[in-house]
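Each chain is listed here by its residues.
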Amino acid sequence: MGTTAPLLDLDEAGLAELVAALRQRDYTVIGPTVRDGAIVLAELASAEDLPHGWGIEAEAGTYRVRRREDRAAFAHSAGPQSWKTFLHPPRARLWQADRAGDGTVTVREDGAPPPRYAFLGVRPCDLRAIAVQDRVLTGGTYPDPVYGPRRARAFIVVAECTEPSAVCFCTSMGTGPGVPGGSSYDLALTETVEPDGAARYTVRAGSPAGEEVLAALPTRPTDGERARAAVAGAAERMGRSMDPTDLRALMAGTMTAERWDQVANRCLTCGNCTMVCPTCFCTTTEEVTDLTGDHAERWRRWDSCFDLDFSHLHGTGPVRSSARSRYRQWLTHKLGTWHDQFGSSGCVGCGRCIAWCPVGIDLTEEVTALRAEAANPGGAP
Amino acid sequence: MTHATTPVPYRVLARRRETDDTVTLDLTPAATPMSPFRPGQYAMLYAFGTGEIPLSTSRIDGTVLSHTVRAVGKVSEALCRAEPGDWIGTRGPYGTAWGSPPKGGDVLVVAGGIGLAPLRPLIEEVLAEPESYGTVSVLTGYRDPGGQLFLDDLPRWSTRAHVRATVDAPGPGWRGATGLVTALLDGADFRPGHCAAYLCGPEAMMRATARELRRRGVPADRIRVSLERNMRCATAWCGHCQLGPVLVCRDGPVLDWERVQDLLSLPER
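Read top to bottom, the protein sequences are chains G and H. Using our numbering, the letters of the first sequence correspond one by one to residues 1 to 381. Using our numbering, the letters of the second sequence correspond one by one to residues 382 to 650.
Don't take every hint at face value.
[Stated by the list, open to error] Lysine to any residue pairs mimicking SDA-like chemistry, simulated, CA-CA at most 20 Å apart: (1) K455(H) <-> D534(H); (2) K484(H) <-> S447(H); (3) K455(H) <-> E287(G); (4) K455(H) <-> L308(G); (5) K455(H) <-> G293(G); (6) K484(H) <-> D637(H).
[Claimed, not checked] Ranges between beta-carbon positions, derived for each pair: (7) A585(H) <-> A249(G): 24 to 32 Å; (8) D442(H) <-> S322(G): 41 to 49 Å; (9) G480(H) <-> T106(G): 36 to 44 Å.
Because the hints were derived from the structure by calculation, they are not lab data. Glycine residues also receive a C-beta, built at the ideal position from the N, C-alpha and C atoms.
Please model the entire structure based on the sequences and the hints provided.
Pasting the structure below:
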């Protein structure tokens, strides 16, 4: 399967049948759809909900949807959300506890079965992001009780990338625009557009579950040549790049760089980059009690290393109080110490943090500047 | 299946006031006990409806675990108010342990304030096998004499160990030393090349002590420190406890000075 699986051709009606087939198999189908001026990820009732004929334009600090002249449904790059919204939800209840009259406390974990998602249109960069979060949240001693079961049940339909934006740099990170070898998925499709504007899909299975679904669809054999050309063309049109050479060592050696002051002058420490990042996993906990005081709940919600409370220690205050130290923590973790902690880079080159930074801070530019400073310490910027 | 973040029910067996703001709670399992703790490891203690904080054990006696808590925030305040019989949620053991000192070597324990609490089970382990070690020194530094911990233990410890305390602000009647805990090293008898040092306290105190020990020839991999960082999960999911490449909850809290000396020398790391 995977790269050696037979390539099959599917038309727009066939794509609609794919959505229906997944729904028939009791999956909640999540995919891209246009809402509030952006292409967001939400439940799809049918393939009609896909953003047919919509693309996007992104730049540092900029994101706009725009009309296309064809009916392509996947001719857009990353939006404000990623699949972590569903696998590692922004808020999750971990358990609830009730105190009886004699002071005895009973703790209950949630017994509800986890949602069964089918993700339609996972970009290769985001597929890598899921693999990165797999290692963080299920690769250690303690598997995450929220992420783990959701992830284990998820059916993943990759959409290879054919329309990168100006903030994309997956090619340089080795995560796209095609599906890298060794990736794990159920189905992978590549969208191409006919002269009349209709979309077609070249599809292959990556798992037995994917084969089973694919066998139920009206497909025809194809040589996949047009799909390969579309992905190769996307690699040529990648908007940005980041030199991945020795990034881990570069980050480790850059702790006292002057560049951090320069970026701190612009950074608002708003945390947008961490919210949109498909691999940022940090959370905090909240205690919730009701009016009786005898019912308590433990909730977990996304947190950001840009928040001042993130590193707070009682008695001494935050470990990282300056904007300089918080941006440095985020970038050196993402590109450097992530390797030490979880055995890979934390960056997949999706470009979200560039587009959704309100002041347009571009990590590829910061890395270039840090590299230049490391090569010429004390030199003019 | 019980998830890693679900508290295990324990009861307060006894509560001892140590200082104005610090108590020691002895906890006993209300149902199935947690796996055995090793000295230096920590638990996440949950005060019902208030929250959860990481706390090392200050005594390990079978399944009874002691935690010495200083009231500095709302969870630690709630724990300090707990009475015998009260329900406490806990989970663990988490993190790394001090490890047993090399047999035949000298043992040096240096604590700042409540940093003595995680070191107490190690001291007890060493004193339980007095013939296995060379000299044993327990050096403690406090802000003032009223902050001294485990005063009941000191006479017993002193029969085998060199036990000394120093304070920043001596009060009436204080006959011990004043000033930094590093000054107590001069009075301690240890062989720098044949000792293992265990440090816990404020980071500035551990940095100063470790540097002084290095200056005296103690190898960096024979100095162990216990670090404190904000922790929400203890299971390496939440990201709060990062110190560069180290996840303190998972890779610590006890770490070799060799591993952390550069990390701790950089402000705001």
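Evaluation of the provided hints:
1. For the hint linking K455(H) to D534(H), the alpha-carbon distance of about 29 Å lies beyond 20 Å, and the restraint is violated.
2. Proposed proximity of K484(H) and S447(H) is contradicted: the alpha carbons are some 27 Å apart, above 20 Å.
3. Our distance criterion of 20 Å between C-alpha atoms is met by K455(H) and E287(G), whose separation comes to about 12 Å.
4. Under the criterion of a C-alpha separation no larger than 20 Å, the hint pairing K455(H) with L308(G) is consistent with the structure, at around 18 Å.
5. The straight-line distance between the Cα atoms of K455(H) and G293(G) is roughly 16 Å, inside the 20 Å bound, and the hint therefore holds.
6. Distance check on the hinted pair: K484(H) and D637(H) sit about 18 Å apart at the alpha-carbon level, within 20 Å; holds.
7. Taking 24 to 32 Å as the suggested C-beta distance range, the pair A585(H) and A249(G) conforms, at roughly 30 Å.
8. For D442(H) paired with S322(G), a C-beta distance near 45 Å keeps the hint of 41 to 49 Å intact.
9. Restraint check, G480(H) to T106(G): a C-beta distance of roughly 37 Å satisfies the suggested window 36 to 44 Å.
Checked against the numbered hints listed earlier, the structure breaks hints 1, 2; every other hint is satisfied.
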